[in-house]
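**Student:** Make the full structure from the sequences, and use the hints.
Chains as they are written, first to last, in my numbering: chain F, 571 to 1377; chain Z, 1258 to 1390.
If you are wondering where the hints come from, they were derived from the structure by calculation, not from laboratory data.
Glycine included, every Cβ here is placed at the ideal spot set by N, Cα and C.
Be aware that a few hints might be false.
Residues from chain F shown here face chain Z by an in silico Cβ test under 10 Å; the list is partial [to be verified]: (1) F577; (2) L581; (3) F605; (4) H613; (5) E616; (6) R708; (7) L712; (8) L787.
Quick list of simulated restraints, FRET-style, between CB atoms [unchecked claim]: (9) Z:S1288 x F:S1307: 39 to 49 Å; (10) F:S633 x Z:L1275: 51 to 61 Å; (11) F:G958 x Z:L1275: 36 to 46 Å.
DMTMM-like cross-link-like pairs, simulated, lysine to aspartate or glutamate; straight-line CA separation at most 20 Å [said to hold, decoys possible]: (12) F:K945 x F:D932; (13) F:K910 x F:E1012; (14) F:K1047 x F:D1077; (15) F:K810 x Z:D1335; (16) F:K1309 x F:D1179; (17) F:K1340 x Z:E1340; (18) F:K1198 x F:D1252; (19) F:K1365 x F:E909; (20) F:K1010 x F:D1039; (21) F:K1128 x F:D1039; (22) F:K617 x Z:E1340; (23) F:K1340 x Z:D1335.
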Amino acid sequence: MGRLLKFVFSLLVTGALFWVYQHKTGDIPPIGKFFSPAQGFWHNAEKQNSITYSAAQLKDLKSSVTVQFDDRLVPHIFAKNEEDLYFMQGYITAQNRLWQMDMQTRVASGRLSEIIGPKLLERDRESRRLGLSWGASRSHALMMANPDSRRVITSYCNGVNAWISSLKPADYPLEYKLLDFEPEAWTTMKSALLLKYMANMLTGYETDFEMTNIAKLYGIETLNQLFPEFPDSLDPVIPKGTLFSQSDTLLPVSPDTTYPGKFALLHNPYSRPDPAYGSNNWAISGSKSASGKPILCNDPHLGLNLPSIWYEVQLNAPGINTYGATIPGSPCVISGFNEKVAWGITNASTDVKDWYTVTFKDKSKSQYLMDSAWKPVRKLIEVFRVRGGDLVFDTIRFTEHGPVAYEESFNKRSETVNMALRWTAHDISNEMLAIYQLNKAENHADYIAATNHFDCPGQNFVFAATNGDIAIRHNGKFVKRWNQQGRFLLDGTSSSTLWQGFVPDSDNPHVLNPPQGFVSSANQHPTDQTYPYYYTGSYDYYRNRRLNRLLKDLREAKPADMMKIQNDNYNLYASEWLPYFVALLPETQYSTSEKDAMRELKGWTFFNDPDVSAAIYFQLWIDSFMSKLWDEFKVDQRALLTPSYFETWSYLKRFPESDFIDNKSTTQTETLPFLILQSFRDAVKTADKWQLENPSKQFTWANFKNTTVLHLSQQLAFSVSEIQTGGNEDILNATSSRKGASWRMVVSPGSDGEFWGVYPGGQSGNPGSKHYVDFIEQWAKGKYFQLLFLQPGEKHKRIQHVATYNP
Amino acid sequence: MSQLTIRKRRAWFWYRMLICIVVSAAVQYVSPWWSLIPVAMLIGFLTAPKNKSPFLAGFLAMFILWGAWSFYIDLQNDSILSERVIRLFPLPSNAISLIVLTGFLGGLINGFAMLTGDIFRRFFLLEEEKYYK
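**Tutor:** The following block contains the structure:
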């Protein structure tokens, strides 16, 4: 009997261990699968002295393709036709970034709960309710209807699938093993989804709820004082004095409504993308450069993630030779250059996303009110295959505006209001075609024709050509708005509030070869008030002024001077705020550490360099000051927005006695000097506390800011933290804790051109590769790599490996 | 019990472990990780009638196999991956602790699998074992 018991016990233990080793429990990966040296994560450890990229037979190719990998693992793809070119782009990109491509499309399509489980179900519901997949499927149809874009995305898709089908489970990227799921086939729809993912990231931010609440609480007049639409010191993308065309003379009709309307205070909206996803770009003409040729620069500021959002590639086939940063999952080059021209992008930051209130007839929500008649609601049932759970269904209702994202059944934002979303990201557009044509553009006319196809996300496209042309265009599909339309929540029961058309492409703000000798953008207002169409948005007020100031003074500029500007740490807001603070600080008794802090601040030259400590004191000071000043804007759960540094600055200049300065929750009457003193003391206290808590770290801006490039799984193990770098939001080097220049490019196009670039990551998405994060150190130091722009058959000493793929 | 018998028993302990390493390595190279379970069970069933530490033999076999295998991979990788993966666990952040962990986890299940096979054999070989006692 004893033996039988022993046997049963031993068998049960083995069985139980098998179960645990084979299945994911909570966040713990299946231990056996994960640790097995033959198939688990160890299999992803790349050999350092051997070649990972060997040639292969790929039956879908039309003819042979040569891929040269340089010392930074950038693939230079040389194909004999475009089908093969984009096929190989898909194949090689998937080889390096498959998991990332998969995850990003899952974010856009609301399919994270399929792999992570119920905890991401609400987030998935939110994504679907925002209608990104719906918009993607509509645009997908258009992409497939155009022969060029169909060829490009179909070939790319086939290439990705050729790679996926060559994989055994042991070869899956590490993250599949960690999260225990398998790659699925790529589709052309996924590339369309990825473009909507970008559209959401860059146009997802709006402040309709906040503005509506503020108008309700304090009135329109105060709101306009706090958030002026055209502040005095405006330095727009299109230089002041440029004449604008107006080919559409049929201006939108303003309805007879008053703002903000009769709404209850609204709750906080969905988590929206960060408004600080900005960017810089500019081009200088030959008159300002040492070589006499234009130089173009671009640095998009996005979340700092691993695997990096960008992947570098050179694409060469008859009729095309281009190099630059691509988005894994989408073919073509997004920010880059070819033999004749270069281009770059910054976010247009113009509002193309409006909320409409919806009144349903009854509980069934099958009819909604429009112009005092009931109209039928279109319903779409979404299915969620939640991991470790049942199927979940969600009904999304559509009015003529778009999806009713907010309803009582989901994340209701007030007791009574259902809200529908009208957004250009839902509309049918073919950005893929725009990028494809831009990659092949030879001159300014080609650039205009190409960017015409780019609807959403609207971008400031900067351009430079070997013939000396420089240009910039605030381009996208922008709403032809009546005055104030889209700034607040709109009444969805009246057709008079619907969008009345779009600004014609030809009227989008644009300038070619302006007399100032440069064009630039940093997410500021596209134009001054002479522009004939009304628009609203969230614009930058610091980077653009600093940038234009530096560019105006440029003479005989070299690429190195451009790099210096991209890495410029000058804190313009500090240079304006700090003297003001110091002047208003009252005479009183200060502690030793307060005196030390003041000494640091007074000696500061306003550069947020990595090793300074004054920047810490200042940042803490202004943040504490802002929160004390705008305490009225903290109402529990209600959507409210505090004015930015710049808006606050210009407000206090005009209204130094404002009622907002007094803290209503105290009996005394606070004054500006009192707030400034209080917040200074808070800042010093917080700084002292940080030093006490981090005894092993030097008290420097870089350590305090702790710039982190975070793995998409949020696992710190695969991330890089405590990067020693300066800058901050609203500074040209916009590197804050979790955001920053995601790609820096400085190029002077042409056969004898100069090409420089760097991004905070590496070409490989595999944490087991030496190319996983090999650019971060250079990036942090503000250094660049020389980009190899090769001709077919050209040999270069930096090419480390050549792989030939045959049909 | 003679000296010879004891020496034989000790020798069988090592033979069984070595057989398990070799066979399991070959099988795991081409099959999923869990193939180690039937392999260890079978070896536990077929070998070493006089061995009294089937768990230890099984444990050591996989501790050595997975440990050596991952050590070899790690060497060729300059510990790039292991120094990241180890940060997922509350253990000293170096490659060696990840290799030891890998060996331990492999050993644990392999030990129980071999123990199971060994006990199973005793149902059939009871008389013979009695005779040697």
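**Student:** Hint by hint, where does the structure go against what was stated? Just the numbers, ascending.
**Tutor:** 6, 7, 8, 15
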